[in-house]
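S.K.: Chains as they are written, first to last, in our numbering: chain P, 1 to 421; chain E, 1 to 570.
Don't read these hints as lab results, they were simulated from the structure.
Each residue gets a CB set at the ideal place from its N, CA and C atoms; glycine is no exception.
Treat the hints loosely; a few may be bogus.
Claimed, not checked - Simulated coverage check for chain E against chain P, where a stretch passes if three residues somewhere in it have a Cβ under 8 Å from a Cβ of chain P:
hint : segment
1    : 100-108
2    : 116-130
Claimed, not checked - For lysine-lysine, the following BS3-like pairs were computed, each having C-alpha atoms within a straight-line distance of at most 25 Å:
hint : chain 1 : residue 1 : chain 2 : residue 2
3    : P       : Lys157    : E       : Lys137
4    : E       : Lys455    : E       : Lys410
5    : P       : Lys352    : E       : Lys247
6    : E       : Lys214    : E       : Lys570
7    : E       : Lys321    : E       : Lys247
8    : P       : Lys306    : P       : Lys352
9    : E       : Lys410    : E       : Lys453
10   : E       : Lys108    : P       : Lys154
11   : P       : Lys157    : E       : Lys108
12   : E       : Lys68     : E       : Lys50
13   : E       : Lys373    : E       : Lys475
14   : E       : Lys453    : E       : Lys375
15   : E       : Lys375    : E       : Lys321
16   : E       : Lys373    : E       : Lys180
17   : E       : Lys247    : E       : Lys563
18   : E       : Lys453    : E       : Lys475
19   : P       : Lys70     : E       : Lys108
20   : E       : Lys175    : P       : Lys352
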Amino acid sequence: MRRHLRLLLIFCLLPLAAWGVERFPPPEFSTDYRLPELLLPGFRPEWLPFLDVAVLAAALALAAWVVLKKRSRVGVFALTLFSILYFGFFRRGCVCSVGSLQNVAYSLTHADYALPLAAAAFFLLPLAFALFAGRVFCAAVCPLGAAQDVVLFKPIKLPPWLEHVLGLLPYLYLGAGVLFAALGTHFLICEYDPFVALFRLSGPVHMLLFGGVLLAVGMFVGRPYCRFLCPYGVLLRWTAPLARWRVRITPTTCVNCRLCEDACPYGALHPPTPVGGARREGRGRLVLALVALPVLMALGAWGGYKAITPLYFTDPIAVQARAIETQEADTGASTASTAEKPVDPLYMQALKQRRHYELGGVLFGLWVGLVLGGKLIALSVRRRRSEYETDAAACLACARCFGSCPVEHDRLARQTEVETS
Amino acid sequence: MTTPTREPEIRYATALRVTLIAALFVLLVSGTLAVHYLAGQLVNPANPVKVTALRAALQKNAADETLKNTIRDEDQRLRQAYFSRHAFATEGVWLLLGGVAVLVLGIKGACHARRQLPYPPRHDIDDPRTVAAYGRKAVLAFGAVVAVAAAGFIVGLRAPADPAYLVRAEQAAAKAERAKGYANAAELAHNWPCFRGAGDTGTADATPPATWDKTTIRWSVETGLPGKNSPIVWENRIFLSGADEHKREVYCYDADTGALRWTRSVAGLSCQDAGTEPLTVMADTGYAAPTMATDGRRVFAMFANGDLACYDVDGNPVWAKNMGRPESTYGHAASLLTWHNRLLVQFDQGGSADDGKSFLYALDTITGEVVWKVKRPVPNSWASPMLITAGGREQLVTCANPVVIAYDPKNGTELWRAECLGGDVAPSPAFADGHVFAVNTGSNLAALDPGAKGKVLWTAQDGLPDIVSPVSDGKSVLLFNQDTATCVDAKTGQKLWDHQFPAAFRTSPMLINGTVFVLDITGVLHRLQLGPTYSEAGTSALGEAVETTPAFVGTRVYIRGTKHLFCIGK
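Using the sequences and the hints given, assemble the complete structure.
M.R.: Structure below.
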């Protein structure tokens, strides 16, 4: 009996020998060549994204405290350097909040994609902080903004009309970024991130040049990418005006001394408005702009449909479908009646993608029309200011303007007195 | 030691020098890197021009060891050069970065040393209205630029014509989309989707020829396996089913030519209740008595063994299942009916209501899954369900022994029931002027009000049929029992007249534009006018026995004889 059991056990264990066989056995012929040891890049530790999120949250909190409570430009500058080092050179510019909006768009349109925690946090945290404390993310946490901020030496003031026009570009870029992310073809904002190549010390020459040019321009024009390109800035522009705590140049009451008039290098400071003016003319202009809005949107939808749909033919799915169709034709597979042939699933996928392009084109066009029409409306609405005010949407909370305010100097002097006494 | 007043100047001078030195350094490193980069473009290990040429030479002279060694040396040289350049570039970039950092600090220091206190600007504050006006013009100009750019883009990227694969995919998608839906009421009324026309009410709109002979028979074709089911019609397709003890088939004919478009065999469906005994049915019922139904996208066929099959109108199988072998004395005969995307199956079986085997099913037309089912307190029956609109809602009216029950077709909720029937119920109900007429031999002809919870308005016992369904125009009700027709007043149930014909009837009469069309078993069509007295408008002989109900569509009539399928009319 025991012998039988032993035999049975041996039989049961026989398959285990298969484990000993190497999946890819070495060649049986003899050679003096030594195979190099296979080197694989190590996995990124799982805790690192949590660290990134924690650092981001801490940096945002610190930025809010430094800007709103301490009102310290030095503190902001120090945090700026840290962000360049950590989010820029250490994290190599990824994951970043600017690019994360594409992950969000992609996850919303692709049910099979799970949005990574870090991407979600990087998307939401700056917006959440903006809801309470304004654009403190732009102040010193965003590595893209930080890189431009440190090279700003001699800011010049752009003509307001030019600012209005260039200020439209981020909206269009946002639309394009979301469109192509939703289509699943490109992460446009990441592909054309001008500074990621600098942070990685490597990249395509044209992107290195683009980043270099932006930095060169940024020595005289404050943060050109942030103001005139950054799509995430659009979202921050929408949330920041709702903030309860935000940057105010003067800590108490503005004395309208005009000393701060040129203090903001980012065009986010608005002077008081004159009293009076022809109201009727302004009202007529506003009505005209309101009427123009749906017209512009309709034109945009048509133009978007016409302009974006042809891009479908450059989509990887379309290219693949075309290749398979050509292959079918070459191999004579199409000799059977096409009506009887089952349709390749890839063709159906291609058709779906084509419809996505059509819809995407219409939506993008609507968006462009809305942006242009909305801007015209915004420029037709009269606003009243009795003192110098920061534009909550455009203010990057860099804390540069505080030093121009005599009331702030007075406050600091009193504070010093109190501390010394 | 420097005085405080000179300190900024010294700081400025120092920062300026640092800046200049850093700028020179940055320029030097940048230039070197640029030259290095351009030089690197000439030697690319991924595109080794020389090695490729050498390899080509080696192919001609494979035994040349010197050539092999040259290739190896060249390859190694390329790789070493590549990695050497890479290391050089990496070090250079770090040097550049350091230089830029010093440069930035230098410039910052210089700016800081020359920092001036803010001074109120000399110019006036810009009028925001002027600023806004310029802004609007600029935005409009920008919009024009965007429009021109878009136009250029559209013209430059003019989309090519849709490739063939997209066209095919479009067609397939359209077909699939179409297959998902179901025909609307107008489409159903325009066709003949089930037994006795849309809703199975016994009335329809059509303009069939008044009489026919051999010249007005458009075509006739031989049918396949026998079947007592009536033809249904969808657009230019006619559907029939046929079966014997061993085989079950579904046929589709072309309505214009009578050509057989497709045949499908229904087989291999498991029947858990089948046992080993062969299925036997009464010859008068046959193995394919239930008339098929269509929702305009798919067709459904049921057989005496409980097989239920669904095909699309082109004959592609959609789903099939066996409902269980029905316990039916004469063989299962209730016809199918569709409502929206539901297939309604009256599945009455068992010798007694106490058996609890009778159900009404609603199946999903696309998947065949049971959406809802309700138990029916009846034994086996052979009547077909009828779909009507009464009391502001759609009602599914069913007849069996001893009750007429109306259900909500949406969820199977019982709306009302009326106990008025008895025996082996085979005639289907009729509906006219808001009244349901249910009948069976040996019990009653009952007029029910479906808008009042099925209230029995009256009952009558004259000329009660055992097979043939009644027909009514709302004023009178016409019954056919064997060879005798009996007409009763629809308001009171009083007999108006009766008439004996030379042959018996098994087909159900249809009321077409005020005229009753009914075929006797010898294939003679009788056209009767409903009214207080008997009035026959005419007869036409088909020349073949008929036991099924014709389909009236437009100007044509489709009749299934015992051996042929006929199309009459233009």
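S.K.: Run every hint past the structure and note whether it holds.
M.R.: Hints versus structure:
1. A stretch counts as covered by a chain when three or more of its residues have a beta carbon under 8 Å from one of that chain; for the segment 100-108 of chain E and chain P the count is 3, and the coverage holds.
2. For the segment 116-130 of chain E, the assignment as covered by chain P holds, since 9 residues bring a beta-carbon within under 8 Å of that chain's beta-carbons and 3 suffice.
3. About 20 Å separates the Cα atoms of Lys157(P) and Lys137(E), which keeps this hinted pair within 25 Å; it holds.
4. For the given pair, Lys455(E) sits about 22 Å from Lys410(E) by alpha-carbon distance, which is consistent with the 25 Å threshold.
5. Distance check on the hinted pair: Lys352(P) and Lys247(E) sit about 42 Å apart at the alpha-carbon level, beyond 25 Å; violated.
6. For the hint linking Lys214(E) to Lys570(E), the alpha-carbon distance of about 13 Å falls within 25 Å, and the restraint holds.
7. Of the supplied pair hints, the one linking Lys321(E) and Lys247(E) holds, its CA atoms being roughly 15 Å apart against a limit of 25 Å.
8. Of the pairs offered as hints, the one joining Lys306(P) and Lys352(P) holds, with about 17 Å between alpha carbons and a cut-off of 25 Å not exceeded.
9. Among the hinted pairs, Lys410(E) with Lys453(E) is consistent with the structure: their alpha-carbon atoms are about 18 Å apart, no more than 25 Å.
10. Taking the CA atoms of Lys108(E) and Lys154(P), the gap is near 10 Å; set against the 25 Å cutoff, the hint holds.
11. A C-alpha spacing of about 19 Å is found between Lys157(P) and Lys108(E), which places the hinted pair at or below 25 Å, so the restraint holds.
12. For the proposed pair Lys68(E) and Lys50(E), the alpha carbon gap of about 13 Å is at most 25 Å, so the pair holds.
13. Annotation: proposed proximity of Lys373(E) to Lys475(E) is violated, straight-line Cα distance about 36 Å (limit 25 Å).
14. Straight-line distance between C-alpha atoms of Lys453(E) and Lys375(E) comes to about 19 Å, which keeps the hinted pair within the 25 Å bound.
15. Annotation: proposed proximity of Lys375(E) to Lys321(E) holds, straight-line Cα distance about 20 Å (limit 25 Å).
16. For the hint pairing Lys373(E) with Lys180(E), the CA-to-CA distance comes to about 22 Å; that is within 25 Å, so the pair holds.
17. Proposed proximity of Lys247(E) and Lys563(E) is supported: the alpha carbons are some 17 Å apart, at most 25 Å.
18. Taking the CA atoms of Lys453(E) and Lys475(E), the gap is about 22 Å. The hint holds against a cut of 25 Å.
19. With a C-alpha separation of about 22 Å, the suggested pairing of Lys70(P) with Lys108(E) holds against the 25 Å cut-off.
20. Distance restraint check for Lys175(E) and Lys352(P): the Cα-Cα separation of roughly 15 Å lies within the 25 Å cut-off, and the hinted pair is therefore satisfied.
Against the hints set out earlier in the document, violations occur for numbers 5, 13.
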